[in-house]
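With these hints in hand, go ahead and build the complete structure from the sequences.
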Amino acid sequence: MAEGILQVTARSLYISAVASLAAFAAAVLTSSYLARSRRRVELLTPVFESLVGVPTTVVGLLVYMLLSPRGPLGFLKLLYTPYAVMVGEFLVALPAAVAYMARSFHTVREGVRELVLSLGVSSEGVVSALALRELAPTLLTSYLVAFSRAIGELGVALIVGGGIEGYTNVLTTAIALQASIGEYEEAIWTGLVLIAITVVVALAVRFLGERVLWR
Amino acid sequence: MEVALRGVWHSYDGRTRALRGVELVFAGPGIYVVLGPNGAGKTTLLKIASLILKPSGGSVLVDGVDFWGLSEGERDVIRRRVAYVHDKPILLRGSARENAALGMRIRGEVDEALLEHYMRRYGLTDVEGLPASRLSAGQAKAVTLVRALTVRPKLLALDEPFAFLDDSRARTLVEDIARIAEGGGTVLVATHYMYRELRDVVSYVVEIISGEVRSVAKLR
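Those protein sequences? They're chains S and B, same order as listed.
Position 32 of the first sequence, counting from 1, maps to 32 under the working numbering, and the rest follow consecutively.
Count along the second sequence from 1, then add 1000; that gives the number in the working numbering.
In short, the hints are calculated from the structure, not lab data.
Among the hints, a few may not be true.
Claimed, not checked - Quick list of simulated restraints, FRET-style, between CB atoms:
| hint | chain 1 | residue 1 | chain 2 | residue 2 | range |
| --- | --- | --- | --- | --- | --- |
| 1 | S | Phe207 | B | Gly1064 | 55 to 61 angstroms |
| 2 | S | Arg211 | B | Gly1064 | 51 to 57 angstroms |
| 3 | B | Gly1064 | S | Ala26 | 47 to 53 angstroms |
| 4 | B | Asp1167 | S | Glu210 | 36 to 42 angstroms |
| 5 | B | Asp1111 | S | Ala10 | 42 to 48 angstroms |
| 6 | S | Gly125 | B | Ser1071 | 14 to 20 angstroms |
| 7 | B | Gly1129 | S | Phe207 | 18 to 24 angstroms |
| 8 | B | Thr1016 | S | Leu29 | 34 to 40 angstroms |
| 9 | B | Tyr1012 | S | Met65 | 45 to 51 angstroms |
What the hints assert, rightly or not - Derived, one-sided and incomplete: chain S residues facing chain B with beta-carbon distance under 7 angstroms:
| hint | residue |
| --- | --- |
| 10 | Ser118 |
| 11 | Val121 |
| 12 | Val126 |
All C-beta atoms in this analysis are idealised placements derived from N, C-alpha and C, irrespective of residue type, glycine included.
In structure tokens, the structure reads:
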């Protein structure tokens, strides 16, 4: 492989970070909306939980159909660009993040609301601010879930990114390519890099959380 | 502050009734003990009387006005006179002191001297900087009591207030609620047994069994 592991790693991190941050932000908004009613949580959270199980190749196919030249979003000319991979990874990460957050959002919000009411205040702003602080560990974990889903998926990156060297090739597509041409040793090293990244990011986010956000 | 429950009933699941047709008046200053076994409906009764929980049926009159018929803004004004302490301490992230000050903080009226007074009274000064998660059950309970006392409620509702408390803190609490009642406040205490030092200060005992008020006895 002409491209160095560092470049592929940097690209993987960039694409997955953007996709997972976008998915995380969308998940926070979705979960906040769901959390406002027990009915919504009970009705819609299982939908997101089911979507976690959709194979990433199917998500990739869906994004391909959307972005292909004859698809509804073909005019954007995003197919086989890093942005297409970001969109796909966003869709892969979003249900996992929502599935992780929604119920906690509801439970914590209800608990905080009752506490705030017990002290004679009913402001939704106060409830939201306090609930958000209580949810810090859940938020961090759900970001990690989103990031792990994004960086570890192959189907989307292969179908809508194409694993183009120097452009859309990420760690998972690099592993697939290396294994397909018999370069198993390189594939194993790339795999180890992928594992190391997920572990290091998880530890870094946890450390940050424990030291800064929820002391 | 008079709170009257008229034909109040409540169901959490739409099938079982936690309260059935309760007719009860907490008529102004004094200490009212709501006595009953586990599952009798004491907590539900207290939450409804504290204006936290809207009953499934019946009405809650505060000084003669139907509370749940008021606008959100009007309800907020009345609620600011009330504080309720849960049976199991509910603490948020942050130190013991931050938790104790929460009631005043969210009302936008922090009185450091008053907070200091109650923190000392309940023996919390030494642990005020500790994260809430590291407090003992008794300390956590004391923090929730300080949190409620510092908002100077006209109606204070305490659900199983002596659970987790040692004798010294329990005596302090009895002194404090007696002072609130003497000052014109109303204190509701839900408990499954009558704490011995509470007997001397109680005005009324309301006995509740299976969601129904069985008797109301005036003691003082």
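Practice task
Identify every previously stated hint that the structure contradicts and give their numbers, smallest first.
Solution key: Going through the list in order, the structure violates hint 5 alone and respects the others.
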